[in-house]
Amino acid sequence: MASITYDKVRKVYPDGTEAIPAIDLEVKDGEFMVFVGPSGCGKSTALRMTAGLEDISSGRLYIGDDVVNAKSPQERDIAMVFQDYALYPHMTVRQNMGFALRMMRLPSDEIRRRVDEAAERLSLTALLERTPKNLSGGQRQRVAMGRAIVRQPAAFLMDEPLSNLDAKLRVQMRAEIDALQHQLGVTTLYVTHDQVEAMTMGDRVAVMKNGRIQQCAPPQELYENPANVFVAGFIGSPKMNLFHSVLRHDPDGSVRLKFGPQDLHISPASVARIRGLGTYPEGPITVGLRPESLQYTPDASGDRSIDVTVNVVEMLGNESLIHFVAPVEQASDADVRDRAQASDEEESLLAGAGSSVMVARLVPPVRLAEGQGVRLTVDTDRLYLFDAQGQALGPARTP
Amino acid sequence: MSTRPQPTGTAPVVVTANQGPSAARKAVNYLVLIVLAVFFIAPILYMFIGSLKPADKVLNGLAGFIPESLSLDNYAGVFARFNSEATGYFYNFYLTSLIVSVVIVIGGLVVNSMAAYAFARLRWRGRDAVMLAVILLVIVPFEAIAVPLFYLLNGSRNTYYVQFIPFVANALSIYLFYTFFVGLPKQLDEAARVDGAGPWRTFLYIIVPMSKPVFASVTILTFLSSWGSFLWPVMMTDQPRYRPLPLEISVFQGQPPTDWGQIFAFGVMFVLPLLIVFLVFQRWFVQSVASSGLKG
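Here the protein sequences line up with chains A and B, keeping their order.
So for the first sequence, the UniProt record's numbering puts the first residue at 1; every next one is plus one.
So for the second sequence, the UniProt record's numbering puts the first residue at 1; every next one is plus one.
Pulled out of the complex, with its shape left as it was, chain B reads as follows:
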């Protein structure tokens, strides 16, 4: 009697243990992913809907998600608030952010990828020591060098170029390119050399076309950091004409009366280029993250 229930009792448990968990696990996986997706999308959605609603209906708890009384008034309001020499013009902030970010991204891609290629493939005296210095630079936060840099470039305040020059060469970007390039088969470089290509043409015709994932990653990461750059513009600009968006959004937020609808509208216009850049490059970005995951 005592032994009979034991096997019959355990048998079904074993069967369900083999079949059940995979379905349950799947469900849990989906649940976690859905929660995460909601968690990430909800604020953006909240901001987007809020930007189209009158000020009194914006901060309304969960009701803020309900799209009602939609209009573009808040956007018009933002443009109207920044429409004089004193406040600066909205298009100027946008232009500053665009000029600075685009130069940092494009200049950075050119300079850092070439530097990384020299580290990864060319033989020169002191290469390893310099590479080590670059890796060490990765861990130095910008805040640590901001003040010395300020005194170094003090004479160039209120210009565009002072906002991008310190950021074009970037240790992290070099490191990202470097790790990708050293992973590429060396035989391809050798084949190119035998085919008559020098280092420049090997880089241009062979290495660059094969490195789309890392170029995409660096583009996204650099654009993200330069578009949101705050501390350096605070230090180097006091004329509205040369101030980028992040600076103005903070100024805007602090100015009474606080109009959350307009702040959200400003936020949407601020985030839009980031979303576009990410959407354009995300295919290669995901590839790069996936492949680096495999290597790791």
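Looking at chain A on its own, in the form it has when it is part of the complex:
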């Protein structure tokens, strides 16, 4: 086992495309680190550079204390699980799992012992003599895992290993991989575009965009204290409602945020908790509002409630998602659009100019009619505020 350290690691392709401007990161020994981001953000490139399958243009990559830039994949003592599993089709499960050990020229009884042990751990014993084409997707995934663990490597690298599985199996395998990683305690780098996967599996999650790490933190920290608009919009499902507003200071130290014709009021106590808000210049500001920070309160009045029109209602059993039209302009940060372009376009079509569709998560579920005007209360202590560069003001959050 070993740590993995990226010291200004950069990747430029021969045609001049800069896939990764610079990564600085330390993955601790035994840590489960997830790289997450939209496609093309450089997460797989980072992983492939770690594996030795892509050259590093500049900077240094350490595995343990060794600089491994010039080392071949086999010299790096890592095992990799590929997106399509990359099982050798002409070999049985046993041969697939034992291949790396055979390449290490281990004695055949040692290979047999290790493969049997890994197969036992992954419930593959009955499948050892089958070839990959006679296995289900989940079983293939397990074999790919088995091939990695028999090596007893310094680190596991996993490149979207669950993306080919159906939703149910993905949830099951997610838990299995997580449990296995904790049992073995091997440093793991895991790449995914699925933020739910990232949030549920990682000890820490590095959110990437355009080859740069936007924020690297434990999942809960990412959720509660996103560093910028991109992370705020990327982490969380349904995603955070982001909209443009105008900030005004009141003489009593409170702050008002424009929400269409209404104002949202932030108390002096809450203002004090958000670093920099008390002195933030009046004028435009980007506001983020998690769907669960809205509550259905038909009889509420005051400066924390907003009047909106229900657009679509999704009843999910234990909760309902209310998509409503709000008289605000959706935050037009390109980052946020990147992530869910289609749905944003849909939403802006529905909402029309100067208004946007936002989502509220109501627990317990409330059945509302589409087109109905409703009043929702905003938990103004849980607002997220972003400056003109998209950087978060804060930290604040939990009251």
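Derived from the structure by calculation, the hints contain no laboratory data.
Be aware that a few hints might be false.
[Stated by the list, open to error] Partner residues aside, some chain A positions facing chain B, computed with beta carbon under 7 Å:
#1 SER58
#2 ALA86
#3 ALA100
[Claimed, not checked] Where chain A lies over chain B, by a calculated footprint (3+ residues, C-beta under 8 Å):
#4 190–196
#5 203–215
Where is the CB? At the ideal position from N, CA and C, for every residue including glycine.
Guided by the hints, dock chain B onto chain A, whose structure is given.
Just chain B, lined up with the frame of chain A:
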């Protein structure tokens, strides 16, 4: 009156149009296939039966297909005709053809597959330019280079190795291997690299076992061309000991008295190894043709 017959007249046509053609089409398909099969099998069958019949009953039109007065005399006759230093020995022709073809096939499989792997998977300076040159070589007929090659290798006439050395490396084989290898998932190579295999072991343990269809295709095509090779042996051999079968069968055909029974017997012995090679490798060959058809 005029409108009534119209619909009743068209209705059955539509029904038969939906049901009839598929059966008729099937029948036509079968008919075409049977005709083709007969067309291809008939000459071989004719030769085989003829090889077992006395000379006067061989070229007898369709009656040539009737198996009568069968014996192995013609085969014995062939061996008897080639049984001296002057004429050469039959087993020598066979041996020459076998040695030359086997070396070309096996050597070709090794050399050309490795070259194709280097083109398909390894990164090296000038790779694309060299690959282009190889592709260009595919369209150059052997006849075009035969004379320069003759002067180049003139000192090695009447040897075995002069008959196979120019043909071991083959542009078409490299191209066939190349197109197959580039179609294999690259992730498997990468997995092998991570598993600790270098290019050699990746090629040997991963690529080769997955490439049976292309190895079979190249084996069949190479064996076919080398077994039937004529021009080069004509140029490079004048001693019976080093002459391959195709050369002798032509000599044999031109020698009076023309005994068609013996010529057929010679033909059968000439074709037999080709049939064996094809039967052994045809399973993968068909697979390869089918898969390349799908890709195309």
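Original post:
Among all the numbered hints in the text so far, which are the ones the structure does not match?
Top reply: 1
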